[in-house]
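Undergrad: Sequence:
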Amino acid sequence: MTEILSKLISNAIKYTNQGSVEFGFNFKTKTNEIQFYIKDTGIGISSENQELIFEHFYRIDNGREIIYEGAGLGLTIVKEYAKILGGKIRVESVEGKGSQFYFVLPIH
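Following the UniProt record's numbering, the numbering of the sequence shown begins with 1 at its first residue and continues without gaps.
Any given hint could turn out to be false.
[To be verified] DMTMM-like, lysine to aspartate or glutamate: derived pairs with alpha carbons at most 25 Å apart: (1) Lys88 to Glu33; (2) Lys7 to Glu95; (3) Lys7 to Glu48; (4) Lys7 to Glu92; (5) Lys79 to Glu95; (6) Lys88 to Glu55; (7) Lys39 to Glu22; (8) Lys14 to Glu80; (9) Lys83 to Glu51; (10) Lys83 to Glu33; (11) Lys7 to Glu22; (12) Lys79 to Glu22; (13) Lys83 to Glu55; (14) Lys97 to Glu33; (15) Lys28 to Glu3; (16) Lys97 to Glu55; (17) Lys83 to Glu3.
[To be verified] DEER-style ranges, computed between Cβ atoms: (18) Gln100 to Phe27: 16 to 24 Å; (19) Thr2 to Glu22: 16 to 24 Å; (20) His108 to Asn17: 35 to 43 Å; (21) Glu48 to His108: 30 to 38 Å; (22) Ser10 to Lys30: 25 to 33 Å; (23) Ser6 to Glu33: 14 to 22 Å; (24) Gly96 to Tyr37: 17 to 25 Å; (25) Ile107 to Glu55: 28 to 36 Å; (26) Gln18 to Gln50: 16 to 24 Å.
Since the hints were derived computationally from the structure, they do not count as laboratory data. Here a beta-carbon is modelled for each residue, glycine too, at the ideal position from N, C-alpha and C.
Can you make the complete structure from the sequences, with help from the hints?
TA: Pasting the structure below:
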């Protein structure tokens, strides 16, 4: 779980040149889950790329020079770790406005 949250928070910081990064969690008593969230005001992700970012080696090509380092494996690893823990991960984002990543785990 630490690896997942660490990667999501570090990505939020990496892709937010101005603005803020927020981290928190909510207990969902009806579904017996805990939901962690990471919100940023960074570069955002287009709707067509939101599912693809979890694929192996996927890097967003927006026709501009790539200025962010990485192999494109971080979110793939996050998704796999979430599955192993019985959890889920999802993203909501608007390009140019920021992203919100949600990591949900069942409480046993």
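Undergrad: The structure should be examined with respect to each hint, and the outcome stated for every one.
TA: Hints and how they fare:
A threshold of 25 Å between alpha carbons decides the hint, and for Lys88 with Glu33 the separation of about 11 Å falls inside it, so the pair holds. Distance hint between Lys7 and Glu95 is fulfilled; the C-alpha atoms sit about 20 Å from each other, no more than 25 Å. Distance restraint check for Lys7 and Glu48: the Cα-Cα separation of roughly 22 Å lies within the 25 Å cut-off, and the hinted pair is therefore satisfied. For a cut-off of 25 Å, the pair hint linking Lys7 to Glu92 stands: about 17 Å separates their Cα positions.
Proximity of Lys79 to Glu95 is assessed by CA-CA distance (about 21 Å); at most 25 Å being required, the pair is judged to hold. With a CA separation close to 15 Å, the supplied pair Lys88 and Glu55 stays within the 25 Å bound. For the hint pairing Lys39 with Glu22, the CA-to-CA distance comes to about 5 Å; that is within 25 Å, so the pair holds. Between Lys14 and Glu80 the alpha-carbon distance is near 21 Å, which keeps this suggested pair within the 25 Å criterion.
Under the criterion of a C-alpha separation no larger than 25 Å, the hint pairing Lys83 with Glu51 is consistent with the structure, at around 16 Å. Restraint check for Lys83 and Glu33: satisfied, since their Cα atoms lie roughly 14 Å apart, inside the 25 Å limit. For the proposed pair Lys7 and Glu22, the alpha carbon gap of about 14 Å is at most 25 Å, so the pair holds. Using a Cα cut-off of 25 Å, the hinted pair Lys79 and Glu22 holds, with the two alpha carbons roughly 20 Å apart.
Distance restraint check for Lys83 and Glu55: the Cα-Cα separation of roughly 14 Å lies within the 25 Å cut-off, and the hinted pair is therefore satisfied. For a cut-off of 25 Å, the pair hint linking Lys97 to Glu33 is broken: about 28 Å separates their Cα positions. Distance check on the hinted pair: Lys28 and Glu3 sit about 22 Å apart at the alpha-carbon level, within 25 Å; holds. Using a Cα cut-off of 25 Å, the hinted pair Lys97 and Glu55 holds, with the two alpha carbons roughly 23 Å apart.
Our distance criterion of 25 Å between C-alpha atoms is met by Lys83 and Glu3, whose separation comes to about 13 Å. Distance hint for Gln100 and Phe27: a CB-CB separation of about 18 Å, consistent with the stated range 16 to 24 Å. Range check, Thr2 to Glu22: about 19 Å between beta-carbon atoms, so the 16 to 24 Å window is met. At roughly 40 Å, the beta carbons of His108 and Asn17 sit within the given window of 35 to 43 Å.
One distance hint, 30 to 38 Å for the beta-carbon pair Glu48 and His108, holds here, with the actual separation near 36 Å. At roughly 31 Å, the beta-carbon separation of Ser10 and Lys30 lies within the given 25 to 33 Å, and the hint holds. For the hinted restraint 14 to 22 Å between Ser6 and Glu33, the CB-CB distance of approximately 20 Å keeps it satisfied. Between Gly96 and Tyr37 the CB atoms are about 20 Å apart, so this pair conforms to the stated range of 17 to 25 Å.
Hint check: Ile107 to Glu55, Cβ distance near 29 Å, so the stated range 28 to 36 Å holds. Gln18 and Gln50 have their C-beta atoms about 22 Å apart, which keeps the hinted 16 to 24 Å range intact.
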